[in-house]
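Trainee: Assemble the whole structure, with the sequences as input and the hints as a guide.
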Amino acid sequence: MRAAFFRQFLRDVRAQKLRLALTLFGIIWGTVSVALLLAFGEGLRANVLKEIRGLGENIVIGWPMRTSKPWQGLPRGRQIRVTEEDMDLLAAEIPEISSISAEFSTGSVRFRSGRNVVVPQLAGVQPAFGEMRNLIPEADGRFMNDLDAQRRRRCIFLGDELKTDLFGAESAVGRYLYLNNVPFLVVGVMKPKSQDSSYSGRDNEKGVIASRTFRAIFGREYPNNFVFQVADRSKVERARNRVYEVLSRKYKFDPTDREAIMIWDTTEFYGFLDTFFLVFNVFLGVVGALTLVVGGIGVSNIMNVVVEERTKEIGIKMALGAKGRAVIAQFLGETLLITFLGGLAGFAISRGIIALVPAFGLAEHIGTPILSARTAAITASVLGLVGLLAGYFPARAASRLNPVEALRM
Amino acid sequence: MFARKNGNGGAAGTNGFLIELAGIRKVYRTGALDVEALRGIDLAVRGNEFIAVVGPSGSGKSTLMNILGCLDTPTEGSYLLRGEEVARFSPDRLAETRNRHVGFVFQNFNLLPQITAYENVEMPLLFRGTGARERRERVERLFEQVALLDRMKHRPTELSGGQMQRVAIARALACDPDIILADEPTGNLDSGSGRDIVHLFEELWTGGRTILLITHDESIAKRTRRIVQLQDGKVVSDEMT
Ligand SMILES: Nc1ncnc2c1ncn2[C@@H]1O[C@H](COP(=O)(O)OP(=O)(O)O)[C@@H](O)[C@H]1O
Ligand SMILES: [Mg+2]
Numbered sequence: 001m002r003a004a005f006f007r008q009f010l011r012d013v014r015a016q017k018l019r020l021a022l023t024l025f026g027i028i029w030g031t032v033s034v035a036l037l038l039a040f041g042e043g044l045r046a047n048v049l050k051e052i053r054g055l056g057e058n059i060v061i062g063w064p065m066r067t068s069k070p071w072q073g074l075p076r077g078r079q080i081r082v083t084e085e086d087m088d089l090l091a092a093e094i095p096e097i098s099s100i101s102a103e104f105s106t107g108s109v110r111f112r113s114g115r116n117v118v119v120p121q122l123a124g125v126q127p128a129f130g131e132m133r134n135l136i137p138e139a140d141g142r143f144m145n146d147l148d149a150q151r152r153r154r155c156i157f158l159g160d161e162l163k164t165d166l167f168g169a170e171s172a173v174g175r176y177l178y179l180n181n182v183p184f185l186v187v188g189v190m191k192p193k194s195q196d197s198s199y200s201g202r203d204n205e206k207g208v209i210a211s212r213t214f215r216a217i218f219g220r221e222y223p224n225n226f227v228f229q230v231a232d233r234s235k236v237e238r239a240r241n242r243v244y245e246v247l248s249r250k251y252k253f254d255p256t257d258r259e260a261i262m263i264w265d266t267t268e269f270y271g272f273l274d275t276f277f278l279v280f281n282v283f284l285g286v287v288g289a290l291t292l293v294v295g296g297i298g299v300s301n302i303m304n305v306v307v308e309e310r311t312k313e314i315g316i317k318m319a320l321g322a323k324g325r326a327v328i329a330q331f332l333g334e335t336l337l338i339t340f341l342g343g344l345a346g347f348a349i350s351r352g353i354i355a356l357v358p359a360f361g362l363a364e365h366i367g368t369p370i371l372s373a374r375t376a377a378i379t380a381s382v383l384g385l386v387g388l389l390a391g392y393f394p395a396r397a398a399s400r401l402n403p404v405e406a407l408r409m
Numbered sequence: 001m002f003a004r005k006n007g008n009g010g011a012a013g014t015n016g017f018l019i020e021l022a023g024i025r026k027v028y029r030t031g032a033l034d035v036e037a038l039r040g041i042d043l044a045v046r047g048n049e050f051i052a053v054v055g056p057s058g059s060g061k062s063t064l065m066n067i068l069g070c071l072d073t074p075t076e077g078s079y080l081l082r083g084e085e086v087a088r089f090s091p092d093r094l095a096e097t098r099n100r101h102v103g104f105v106f107q108n109f110n111l112l113p114q115i116t117a118y119e120n121v122e123m124p125l126l127f128r129g130t131g132a133r134e135r136r137e138r139v140e141r142l143f144e145q146v147a148l149l150d151r152m153k154h155r156p157t158e159l160s161g162g163q164m165q166r167v168a169i170a171r172a173l174a175c176d177p178d179i180i181l182a183d184e185p186t187g188n189l190d191s192g193s194g195r196d197i198v199h200l201f202e203e204l205w206t207g208g209r210t211i212l213l214i215t216h217d218e219s220i221a222k223r224t225r226r227i228v229q230l231q232d233g234k235v236v237s238d239e240m241t
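If you're matching them up, the sequences are chains A and B in order.
Numbering of the first sequence is given in my numbering, commencing with residue 1 and proceeding in unit increments.
Numbering of the second sequence is given in my numbering, commencing with residue 1 and proceeding in unit increments.
It is worth saying that the hints were derived from the structure and are not from the lab.
A couple of the hints might just be wrong.
Here are the simulated SDA-like cross-link-like pairs (lysine to any residue), alpha carbons at most 25 Å apart as the crow flies [stated by the list, open to error]:
1. K312/A / Q163/B
2. K312/A / H199/B
3. K312/A / R39/B
4. K191/A / G114/A
Note that the coordinates shown come from a computational prediction; the quantities given were computed from them, not determined experimentally.
Mentor: Next up, the structure:
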């Protein structure tokens, strides 16, 4: 039976060479459309997510501001200030927070190394900041550590671009530079990263020192803002609310006063992105699928012709006792085989095209398209569905032929 | 060697008939015009009968055979096959009946040209779901019966008319049917091959088969044991020879 099936298939192929070629082309074209559109969509999404994660994953930033509501006899408009020590309080009271750091910053410190002078952003942070905010040192260096903080060491960590401005191509780790004429030892240089969102300048143009050092040298008591990370993204919202509770209790402001602490929850943007890319990818998928449907109509058409040409054969098989479902299986099987072969070729071509993307230097702009398991599964499902629909109707028509009339052909 | 495995005549209805037709009418609706191909046929067939159905062209012989073979359903009347009312059969049950209880032999052979003689004979067994080993044994024995063992691997187009009809008879026998229905099986053959085919039917009948043969040919009809004559969709005579 199987041998007979393939022989029959080959015979049909020979009899319908041109039509079959066009049909296969339609299926291949459709498969390539679906696979590539989805792959590029996914690549773009990964690229954007990577840029965003430059800021760190599941990061929330809080800025103490002025109260906007009166509270227990206290007027509105009071300036709220938190301290570096409050970070320990928040970490202790809010188990959802996996990492937290105060952040001091200034943009008015002169950096000098030899003849190179720059006035970049300078941040004073706690050691947890580095990992949390994705400031990863190159192999020869390190980030601020607890000892730097305790001893208020004059150590500095440089963004990669800032390092180039100050030291050129030379290695900077172990060398000194001057901040307003105070010497600082470079202990690490940041690995380059992509980052497209920021709140006080991009990390690769920044200098970072320990917050204790910052406070000692610049005489600052209150950090500009604080940054925390929540390992489980679904718990970010709860952690945010708890921050208001803990701080409002300590500083006596209305816990519903969202203006007292301004919060930027970067994970809200993930949610937006997820929705955006879902819609975007569904759109691309639908466009591709429609192309595939057009190919499917071609297959359906060819199968209708095949059924018509083989009416006599169907009649004979019915007279020998073939049930409707045996007839359906035969024609559906042939359709699925055509679709499968077209789909296979389409996949191969898609892979080829995707492999060529880096060669054209496009990856930087559009990301690297990803032919993920999901993309493959979606494409295969659409393909299978198209094949089933394309084959089902001609096959059903064949199975409903009147055997007497079919035999008369 | 032509004996049926399950003895004489196969399962029959309660009163000993394999087939019982009562008041069978068949009306073809072709646009405005209704053609009444069968106008009330009563016919009973026992196991191991050898019947010729004769009559002028257009008298309804093929229509009758299609109904007997469950390829077509009557407009009216009752058809009991092995005591069961065929009108109540589902399409699948009809297909199963064609597969297991009926063997067709056509005037124009109706072999599938793109597969070998062997595969043609094997086909009903595939639809029946017979296992590979049993299929092979059975098909080879059938080719032995019709004396075509040396032509098994040939395509129908490489065979003579008489050989093709023998392959078709082997195929009709594949699932050990209760009745063989042959619609002018010698109509496309030269007289020599025609005689061979009739001889083969006689052998099958002696071996216990039930055969209903449609023919134009007086001399062939005379070699059967019962002649049913149709005219204008009615049985006008039904005689033992
Ligand atoms: N499918 C059909 N549609 C309309 N009329 C038909 C059809 N099949 C047979 N007939 C008519 O029914 C009558 C009997 O046909 P048939 O059984 O083929 O006769 P026979 O086999 O005896 O020559 C004829 O008048 C024929 O024209
Ligand atoms: Mg006829």
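Trainee: Compare the structure with each hint and give your call.
Mentor: Evaluated hints:
no.	hint	verdict
1	K312/A / Q163/B	holds (21 Å)
2	K312/A / H199/B	violated (29 Å)
3	K312/A / R39/B	violated (29 Å)
4	K191/A / G114/A	holds (23 Å)
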